[in-house]
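There are 4 protein chains.
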Amino acid sequence: MLITLSINATTEQINNLYNNLAEKKLNPQVYQIDGQTVISVEKKDNSLELVALEAMGFVEKVIPITKPYKLVSKEYKNHNTVIKVGDVEIGSGKIQIIAGPCAVESKEQIMETAFAVKEAGATILRGGAFKPRTSPYSFQGLGEEGLIYLAEAGRQTGLPVITEIMDIKDIELVCKYADILQIGSRNMQNYSLLRELAAMDKPVMLKRGLAATLEEWLLAAEYLMAGGNSKIILCERGIRTFETHTRNTLDLSAVPAIKELSHLPIFVDPSHGTGKWKLVKPMAKAAVAAGADGLMLEVHPQPSQAYSDGEQSLTPNNFKILMEEIKRLAAVL
Amino acid sequence: MLITLSINATTEQINNLYNNLAEKKLNPQVYQIDGQTVISVEKKDNSLELVALEAMGFVEKVIPITKPYKLVSKEYKNHNTVIKVGDVEIGSGKIQIIAGPCAVESKEQIMETAFAVKEAGATILRGGAFKPRTSPYSFQGLGEEGLIYLAEAGRQTGLPVITEIMDIKDIELVCKYADILQIGSRNMQNYSLLRELAAMDKPVMLKRGLAATLEEWLLAAEYLMAGGNSKIILCERGIRTFETHTRNTLDLSAVPAIKELSHLPIFVDPSHGTGKWKLVKPMAKAAVAAGADGLMLEVHPQPSQAYSDGEQSLTPNNFKILMEEIKRLAAVL
Amino acid sequence: MLITLSINATTEQINNLYNNLAEKKLNPQVYQIDGQTVISVEKKDNSLELVALEAMGFVEKVIPITKPYKLVSKEYKNHNTVIKVGDVEIGSGKIQIIAGPCAVESKEQIMETAFAVKEAGATILRGGAFKPRTSPYSFQGLGEEGLIYLAEAGRQTGLPVITEIMDIKDIELVCKYADILQIGSRNMQNYSLLRELAAMDKPVMLKRGLAATLEEWLLAAEYLMAGGNSKIILCERGIRTFETHTRNTLDLSAVPAIKELSHLPIFVDPSHGTGKWKLVKPMAKAAVAAGADGLMLEVHPQPSQAYSDGEQSLTPNNFKILMEEIKRLAAVL
Amino acid sequence: MLITLSINATTEQINNLYNNLAEKKLNPQVYQIDGQTVISVEKKDNSLELVALEAMGFVEKVIPITKPYKLVSKEYKNHNTVIKVGDVEIGSGKIQIIAGPCAVESKEQIMETAFAVKEAGATILRGGAFKPRTSPYSFQGLGEEGLIYLAEAGRQTGLPVITEIMDIKDIELVCKYADILQIGSRNMQNYSLLRELAAMDKPVMLKRGLAATLEEWLLAAEYLMAGGNSKIILCERGIRTFETHTRNTLDLSAVPAIKELSHLPIFVDPSHGTGKWKLVKPMAKAAVAAGADGLMLEVHPQPSQAYSDGEQSLTPNNFKILMEEIKRLAAVL
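Residue numbers (our numbering), protein chains in the order written: chain Y, 11 to 343; chain L, 11 to 343; chain U, 11 to 343; chain P, 11 to 343.
One thing to keep in mind: the hints can contain errors.
[Claimed, not checked] Have a look at the derived ranges for each label pair, beta carbon to beta carbon:
id : chain 1 : residue 1 : chain 2 : residue 2 : range
1  : P       : K186      : L       : Q46       : 20 to 28 angstroms
2  : U       : E182      : P       : V92       : 41 to 49 angstroms
3  : L       : V92       : U       : P74       : 37 to 45 angstroms
4  : P       : T20       : L       : T254      : 28 to 36 angstroms
[What the hints assert, rightly or not] When the alpha-carbon atoms are kept at most 25 angstroms apart in a straight line, the in silico DMTMM-like pairs for lysine to aspartate or glutamate are as follows:
id : chain 1 : residue 1 : chain 2 : residue 2
5  : P       : K330      : L       : E270
6  : Y       : K288      : U       : E270
7  : L       : K104      : L       : E129
8  : L       : K71       : L       : E226
[Said to hold, decoys possible] Some chain P residues flagged as far from chain U (calculated, every beta-carbon gap over 12 angstroms):
id : residue
9  : P38
10 : E155
11 : M210
12 : R250
13 : Q315
14 : L343
It should be emphasised that the hints constitute simulated quantities derived from the structure, not laboratory data.
None of the values given here were measured: they were computed from a predicted structure.
We put the beta carbon where it would ideally sit given N, CA and C, even for glycine.
Bound-form chain Y, shown alone (with noise of 0.2 angstroms):
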């Protein structure tokens, strides 16, 4: 760390300081660069935050030298972070699939889409029983009813099912019957329900919230890290920007910037990414190239009666044609 001093800093605020800081064990060292007063601590301590330095009016910025996260890190391990889902490995260079209605809608709805996403080359399938609107008077999901239904249709297809966790309430429920369990957008920084799934022996996709930095999204996986829980699997599925053109604004340079900050797989989800159908395909092959470990899609039986998200959902054969497209991609990449 290294706190700046206001060039009015005096003397004795400077001693003063230094000496607050060398009763904490702070190891400090003063020095002048470019003709400011400079002092560097060792912050051993995570929970000391001395940002709080700034409140005296001669301090002018505490700068971090070091990341504020560490499991997670490239720096702390130096492979890439591999899940195993049945027998779906996440994370190994193989591109994997999630595919599956926003919504369980109902039983034909979610069997209907399995076969036909599993048929097109999707290796996970994705349904949501429990649903995060931004309305009160929204289709909220169906529930345990929904998860039993995408239950089954994963045993039919022979596909790992993942779905959305809300609530802490209900996370016996929802392991009862999920292989991945998801963390959504809005939930990235409930630090409660990150820390039940920390204890959890399942594996758990985070995904990038609304307006979360790289940093705060790889803090928020740090909490799921160091509560026990490392098999994680980030997602992006865009940022809020000023442009709304589109839902949100897909930034894809994430892929390969956390593929250098850290050993988590990412998965890139450019169907909320974009909020438009007909962007979902374009963007997926570019997640590709980027680098992405893979793609999650929302695929509906017929997506202009959707319950939710239906606006940027693709056809069944909308997808079987992407994913002609992507196998052809991954073989160059």
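Starting from the structure of chain Y, add chains L, U and P where the hints point.
Just chains L, U and P now, kept in the frame of chain Y:
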């Protein structure tokens, strides 16, 4: 709702869509506006997601005409909501001041702060016991011990107390000690939490999410009100933008905008809104001038030694000076 | 255009507005949609600013139905614009690669780079002579000297050259040396410059503004086309968001979105889009997979010694490797 | 400047970098901070772009210690800049009010407005003759005719006048009529224009760019001051964020922040900052409470018929009411 169609839409497509909408009893009407075909529908059932129609290639855009929230709107209730907490009236025209430390750190710290802010003119005491922290290694709050100290400080000073609740597991516990429940920025769209607090008989302060539009914020409040709790206090605390000089960008225009859209009272938190104690004073005054019903301010006896948010906390003395300035300001507004 | 009225609008207010619109020959029609009064108008004259009607207290919102741009739209021209520069065809399906240093620094530097990128497969040479720099103390470019070297490097390698123009005073000068004129991000809404370049017979590359929506970007292109110049190449180069890990956030979804809205070719600049050379390779490949017509890449013989943008420049060797990967990719797309 | 190195940097790499920096007379010093190697350098020559060192794989980050601007900083000049325009003193403590229509539309319109705002208490008259419009089909201003009317209205009311300049070709013309030159938001980083206006003897109002950080804004002002013009008035007018309820997000915290960083006066434009006339009044008062040196307000005799910005313009009567409120407010601040 309006559905605008592509100029390439065929008569058959338009007829099919019309019939489909008519079958759903949506009373479709077809118009030509600026050379484009537009269909209006009467949307009686809010759970219907017409935006899914954009999944049809020939549908250009689905445009809502009416606001998506109801109970929290000015159209629903034309006079301001006033919330009584002990002797304190929120929303009645008198500016209320919530003050106290970010986190309760010890009995001494909260007691000292409570007496200082009370004497300077604060009317509600704040203090965190469960802290949502970006890093798992940061101080996470004293838990129940913190709640006990906070309640005791409230009792001794006669100030009602407010504290953040992060987890539905803690509701009973927090309700035992707190007079107002705070939903933090990160949990604004934690719908499980919203649903549970909607069933409580306590006032709830709902902070604006870091990346929430006014509409999404009001929809989160709608969750509370639709669930039965109408004692809602909104609190603007800064949104995330590209500017990094301040921790967040305090969106003060939200104050008059919310006043126009809703009957709910709105507070402003310039401590989180700016992240810099030197900016808290001017922005607190600006918030009052913009029409806020109250302020939420972080005060710490020794900010540079605080466990969290020290850099944005006022000393008791700076708080006192600000209170005097606010009094003069309020007198002319 | 649609004008939605407040539910408190009186019959007299509605009648007055109706009459006012009728007098202006806007063919107003009054509807009731979802319980709200809505007036549609036929807006023939684009200079009319109906949004000003929001100044009336009882007008809620003025909603445009049709797109504000025309000549650049797909509705106006249904096949892709192809631009010929020497032997190079832009927009015809073959991916074109613009490469070279951010700034021309010396004759040797631009010559060395030009031969290297040509050999690796670049088809157009870039190099800045007038540099828009955030600080007045940064290197501002060699001016005409730089143009002379750039043109010479173009001649010797047989590559057409592109360079940025910042000032209408320099148009004649730059046109003497350059084959394509570049309008930088900061000047996307410099309407004086747009109007002057609209009168030139040279192709113009219009970079997206840092904070420009797709609509504003296309409207800037509309200035060029309405002024007579239809040889326009759009270039996505990253937008400004809250994320600070990358210099900008490269919005690759702009590529398929623009392809749907407009007939103009679109390039991607992953150098500025990421600001980090390690991210340039994956994002260049992603851009191609997303459907870009070409790439713009910064290449410098010794990036760490560059006068500008060194941190985001590829070495000739890294550029060569990337070109080979792009070739393989393009073959399967 | 500080250069932080990767923990994988080899001794040879560190030595080579050290020698390279020493050769450039940058006085490198090597430290170990928090287990990481850090090199500090003394950067005397501002044109040197050390960030290019990030092009080396083993360099993690180049961190500036000192501010990049000088002449506009508080460190350079510790007392506030006061600018005299006729009898009006800007920055001296008295709040100055710039008012008038967005665009001069006719002689009658500007005359009527000028007398109305003068009587209500405005001290400077605004009116656009050259308008930067997003669409080429919108009203672009009356040009010199508008300047003539504006100057005449200024003469008759005794108010100094301000108008926007977009094009270096128009400098002589605009200088003939205007007392203060305005650089609009879109041109904040039009360095050609900045350089030309730096050579003028007229005060310049520099509006903040839509997506400009405080640092970039001050660097744009540095262009003016380094070029010889120190009569600079900054004007906050809203930044672009994800929120769409308002046209922009008015960043009032920029006011006290700029006051801390710079000696230049700062105004606020709540008309553009909000885009909604109903929000202008509360935000104007908030700006004054935040410490602004003045306001810029759009006033039109008949906003709903305005050629531009009608929706955010005050009527003369609303302006008068606001002026009275501001007077009362200013008295207690």
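- Query: Does the no-contact call for E155 of chain P survive, Cβ to all of chain U over 12 angstroms?
  - Reply: Label holds. Min Cβ-Cβ 17 angstroms, cutoff 12 angstroms.
- Item | Hinted pair K104 of chain L and E129 of chain L, Cα distance within 25 angstroms | 18 angstroms, holds
- Item | Status of R250 of chain P, Cβ more than 12 angstroms from any chain U Cβ | Violated: least Cβ distance 5 angstroms, not greater than 12 angstroms.
- Does the claim that L343 of chain P lies off the interface hold, with its Cβ farther than 12 angstroms from every Cβ of chain U? Its Cβ never comes within 12 angstroms of chain U, the nearest being 30 angstroms, so this holds.
- For the pair we were handed, K288 of chain Y and E270 of chain U, check the Cα-Cα distance against 25 angstroms. This hinted pair holds, its Cα atoms lying about 9 angstroms apart.
- With 20 to 28 angstroms as the target window, see if K186 of chain P and Q46 of chain L comply at their CB atoms. 47 angstroms, violated
- Query: Do E182 of chain U and V92 of chain P keep their Cβ atoms within the hinted range of 41 to 49 angstroms?
  - Reply: Given a distance of about 42 angstroms, which is inside 41 to 49 angstroms, the answer is holds.
- Are the Cα atoms of K330 of chain P and E270 of chain L separated by 25 angstroms or less? 22 angstroms, holds
- Message: At 12 angstroms, judged by beta carbons, does M210 of chain P keep clear of chain U as stated?
- Response: 16 angstroms, holds
- Query: Is the nearest Cβ of chain U still more than 12 angstroms from the Cβ of Q315 of chain P?
  - Reply: 7 angstroms, violated
- Please work out if K71 of chain L and E226 of chain L have their alpha carbons no farther apart than 25 angstroms. 20 angstroms, holds
- Does the Cβ pair T20 of chain P, T254 of chain L satisfy 28 to 36 angstroms? This hint holds: roughly 33 angstroms between Cβ atoms.
In this structure, the hints that do not hold are numbers 1, 12 and 13, in rising order.
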